[in-house]
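Asks: Those protein sequences? They're chains G, V, A and C, same order as listed.
Here the first sequence stands for residues 1 to 352, numbered as in the numbering used here.
Here the second sequence stands for residues 1 to 352, numbered as in the numbering used here.
Here the third sequence stands for residues 1 to 352, numbered as in the numbering used here.
Here the fourth sequence stands for residues 1 to 352, numbered as in the numbering used here.
Check before you lean on any hint, since a few could be wrong.
Identical copies carry no separate label here, and so any pair may be met within one copy or between two of them.
[Said to hold, decoys possible] Restricting the straight-line Cα-Cα distance to at most 20 Å, the calculated cross-link-like pairs of lysine to any residue (SDA-like) are:
(1) K315 - Y127
(2) K278 - G342
(3) K223 - R77
(4) K335 - M28
FYI, nobody ran anything at the bench for these hints, they're computed from the structure.
Protein chains: 4
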Amino acid sequence: MKNRIEFSSDYNEGAHPKLIEKLVETNMVQTFGYGLDPYCEEAANIIRELCGNKDVDVHFIVGGTLTNLISICACLRPHQAVVAPENGHIHTMETGSIEATGHKIITLPSKEGKITAEQIDEMYEEYRTSDANVHFAQPKMVYITHPTEFGTLYKKAELRAIADVCKKHGLYLFVDGARLGYGMVAEGSDFDLKFLTECCDIFYIGGGKQGALFGEAVVIKNKIIAEDFRPIIKQRGGLLSKGRLLGIQFSELFRDGLYFELARHANKMADVIRQCLKRVGMEFFAETPTNLLFPIMPDSLYQELSNTYSLTYVKRWDKTSSVIRIATSWATTEKNVKALVGDIESTCALAA
Amino acid sequence: MKNRIEFSSDYNEGAHPKLIEKLVETNMVQTFGYGLDPYCEEAANIIRELCGNKDVDVHFIVGGTLTNLISICACLRPHQAVVAPENGHIHTMETGSIEATGHKIITLPSKEGKITAEQIDEMYEEYRTSDANVHFAQPKMVYITHPTEFGTLYKKAELRAIADVCKKHGLYLFVDGARLGYGMVAEGSDFDLKFLTECCDIFYIGGGKQGALFGEAVVIKNKIIAEDFRPIIKQRGGLLSKGRLLGIQFSELFRDGLYFELARHANKMADVIRQCLKRVGMEFFAETPTNLLFPIMPDSLYQELSNTYSLTYVKRWDKTSSVIRIATSWATTEKNVKALVGDIESTCALAA
Amino acid sequence: MKNRIEFSSDYNEGAHPKLIEKLVETNMVQTFGYGLDPYCEEAANIIRELCGNKDVDVHFIVGGTLTNLISICACLRPHQAVVAPENGHIHTMETGSIEATGHKIITLPSKEGKITAEQIDEMYEEYRTSDANVHFAQPKMVYITHPTEFGTLYKKAELRAIADVCKKHGLYLFVDGARLGYGMVAEGSDFDLKFLTECCDIFYIGGGKQGALFGEAVVIKNKIIAEDFRPIIKQRGGLLSKGRLLGIQFSELFRDGLYFELARHANKMADVIRQCLKRVGMEFFAETPTNLLFPIMPDSLYQELSNTYSLTYVKRWDKTSSVIRIATSWATTEKNVKALVGDIESTCALAA
Amino acid sequence: MKNRIEFSSDYNEGAHPKLIEKLVETNMVQTFGYGLDPYCEEAANIIRELCGNKDVDVHFIVGGTLTNLISICACLRPHQAVVAPENGHIHTMETGSIEATGHKIITLPSKEGKITAEQIDEMYEEYRTSDANVHFAQPKMVYITHPTEFGTLYKKAELRAIADVCKKHGLYLFVDGARLGYGMVAEGSDFDLKFLTECCDIFYIGGGKQGALFGEAVVIKNKIIAEDFRPIIKQRGGLLSKGRLLGIQFSELFRDGLYFELARHANKMADVIRQCLKRVGMEFFAETPTNLLFPIMPDSLYQELSNTYSLTYVKRWDKTSSVIRIATSWATTEKNVKALVGDIESTCALAA
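Please model the entire structure based on the sequences and the hints provided.
Replies: The following block contains the structure:
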């Protein structure tokens, strides 16, 4: 593969230099392992503060698939299922990892990656009240992503409604925040970590896609889930022996708001590309204010751009165009964005 | 619940009297356990003969859910999935039993319970050739039911095409024959056990819904699956200690064609009801020549009939009518059918 | 294998004639499936009465391995383990069925199949209080068999002590009673079903080894375990569609004390053999008052007897003798016992 | 916890400075994710060279527990078990992670962490040839660690014998090399990576305990295991999105022999402590030439040392002494060793 400019994902580089510096600085300090070190303690305290809840448990796990599968299997009895949008990451992009823990995913149709409280309510009625319900896996947890797979956002009222219906039916609410920061600083976003904590039983704040080398911070409010969470992390291989690496990175990300600053940069870079795409008349598969763009792109343009840029093919749209994903990140440079924008405009001008 | 005449399923009674007689007759004979007895050996031999293949392995398992989960988990490595119609029994009616063995079910849209070779081919291409396929559970087995959940049948050519596409892609073909007999003797059925054996890697012949107290006979042609199948049956709790009970029943069912005779009776009883439903102008959710009928019934009629008969509500069709399942079996009496038919006709006449 | 007289197990025949009669009598009665029928209800009520507790849940499951794995996986979160004697049936004779549900078995050394409250207490301390306990599967349930694999019995005080230590540490107590009846009527047994119910969170009463064709009756006192137990039975394939078969058999077994009568017969037959073995000077691997005998038998005698009788080889004892298992049951005839006793005596006289 | 000098493990610091430098240097280079980058390719090629086999597959996984569970579950059908020494890491220190993938661990008694070819041979005979083998989980893989949990080493002839008996019985041989380097450069070690590759079906080279931030390199020779290994890594959450971090570190470790140099340093540091312990008359639980020492230490000495040094309590030895673990690593300084040695000698002199 030749060297192209990456817009394929938000994990094409290492970590933000501030994190790297701190890792270098602390490299020879001795600590105990498995997350029982002062750095993890500090990071957890900062996150508790931001969540407005000193009682939540905070754990750091190596990656997103591990965090999803650990969080879900920790909550469910054998016959219980997790409910997810049909395009939820756990259903489509994690190689059956949830099923490998023994649990079914009940999928709901989604609009641009989102599901609604009403859908959950109806699903619950169908599963619990049927005479035949002994033959159905039983819903016990709802999984959503924020922002979604398509970069869209839940509004405060929508999330509250989902939390309420979950509470009503005894369902745990779990929010996958692998890209949480990009969402929280996006235009139109109307809630913060405190509100998210109020709504969720468990959620996580992604690090690996937002400036860290790797790592996700799980926040657990529900005490039933919190009990013995560490041995479950260990059992699934998610307990880093040098756990300090996670504590150090999350402390840096959250101590002075670096996390949100980096997200704002990424969204801004995405916006420059978005405006350009609109100028040249492109439509979008989903309207999104975050760092992921889903233009419906003429195949000829996609091919032309692919000589220089690495973009992600999502799916065919019609005979001559496809849905393409363009991702920016904390690491995206203005120079690269300018280049891409320039090439889009000149190619389109040529074609016109 | 008051005593109603059962048309709710094909397992509302015990076993056909001939099987009961044989169980009584052999009751005090001593045998070794776990299916290593002369009765199981005899039954296996009769079934091998009917399959036209002396090399197939035949095992007897207590019930259908166990047979499905054992057959599937015996075939798959951790990341592999089974492909099934979206309304396949393993996906909708077995409480997540397949996922509990660690495997994802990849569902395909189905027409009246059936899927096609083309669908399998396209699904395979999508899953294997994608750049992202490391993130997808990998299809390795195809599960279909014959007859399907809606009583419909695969034609010989359709089954052959499915078997061919499976072979082409290295997918195992598994046919759930919980109601196999009802299908094989139905009008329009164009293949026998020999052809089924040629097409499948593994399939089973249902006993519990076709005259036995319980029990399914698994036929395994593929030697990779056949290896060490017994310890897997045992591990999942499917190895009956008094295995002879299964051998005795299947010997009786298959020695002189009783199995097919009973299925013919059930289909005939269903046909009487079908003709009646057509006469009164009812439409069907699915056209089926077997023992399960799916009329789209006015709610008023369904309610009226429910006073006397136990039928199964499937789902709402429109504001005033629903899909209802009526099942006959080897045990359905002409008297009960006459009564039902009479009540349908008189109720409809009254309504008209 | 030639036809020998069976003393190899307690499941070499069908069912006691009274059960068979009732199955024949009810064969054509129509009932709803999955254990929701009047026979299961009746059997459950009789068992509740005998347990002295109207609040316990009673479920009927096809076989012992299924009952064990369902009961255990219903109780445990992913990182939790079940504690068992090293020779417990779930550890040695069920093909890894518990591990297949995702859980580790923590084994304790056992004396003649039994473990003590002290052992459980020490194990718990070791597992919970260690600094390293995040790396250990966590004990949450204790599994014992009564009678044990070696036919030995817990005394009332021993069981009470185990129940107390379980309560102290929040461990569920589960008693596998596959041969419960043989134990409860044995000489030296000092507790009944009421006391067992007081001590246990969950236990089961075996049918398949004590006069039924198959089937175990699970009694659940702990409400946490009881919740949603039926879908878990279904998920693992243990929910018999014609569930009535279990209800009918257990009603017959328990309505008028047949169950205990049959057990007394088996124990009496075993005692005749035991006395004979003692007369000829044989020692025993374990002293047991129930239907299983474990003589340390000279290989020459074992070989001689094996021409006529099917006994079970357990393990080598020394160069010239082995531990052999001799099982009687409800079906063992005085005639066969007389024959065996005669042959033991004459062979030994000859050897002397 | 006050700040003590760490001898508790070989993962108390970050990474060797050369690795850190390279991570800093490459931080902003853009690569594709999931291990499909030039750094991983380079590292894999260097390792293939050292293994003397260009056909082996090399994968990089985040941590040891993940590597063990992925490697084992990738090899086994549902009823199959892995055989391990009773003190093997997978059995004692990974929270039931193997059982959580559905598989039983068959344990063998071990001498100082090691098992023998003879033990494996006998175990196999017992499991496969028994009449009752349908009731046993079936051995299919042998897991050993080199060096073992107690720092001891297999000799070339012992490993060859184990490999031969595995081949004879169709068992996969898997060597957990979490501390492989420390073993390979130890006094008395008589084989290299080439020989290890010849013997094993699959093994891994630990990074996290030998100079890297984290990471293990899995080497797969057996083509059956190699097939589709990447989706299994992904399914279990072991596929790092920024996989390059592993490639960069392993390239540095192996390009110029740094890995073995660091191991030699650790062993040398351990030797200084070992000689001191011998001088003061201490005995050892296990004789080991590697970086882990297991002195049987008077409790008074252990308590005294614990004021300044973090050592690991293993288990009580007798009333007044315990088995203690002292670990050195690539990061252990001569200064700290000198301090420890001085304190041991002065405390012992005082006590004498």
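Asks: Next step is simple, just say for each hint if it's right about the structure.
Replies: Evaluation of the provided hints:
1. Only between protomers do K315 and Y127 lie at most 20 Å apart by alpha-carbon distance; the minimum there is 13 Å, versus 32 Å within a single protomer.
2. Within a single copy, K278 and G342 get their C-alpha atoms as close as 14 Å, which meets the 20 Å cut-off; across copies the closest is 68 Å, which misses it.
3. In the homo-oligomer, the alpha carbons of K223 and R77 lie at most 20 Å apart both inside one protomer (16 Å) and across protomers (14 Å), since each shortest distance falls under that limit.
4. In this assembly of identical chains, the alpha carbons of K335 and M28 lie at most 20 Å apart only when taken from different copies (14 Å versus 36 Å within one copy).
Consistency with the previously given hints is maintained throughout, with no hint failing.
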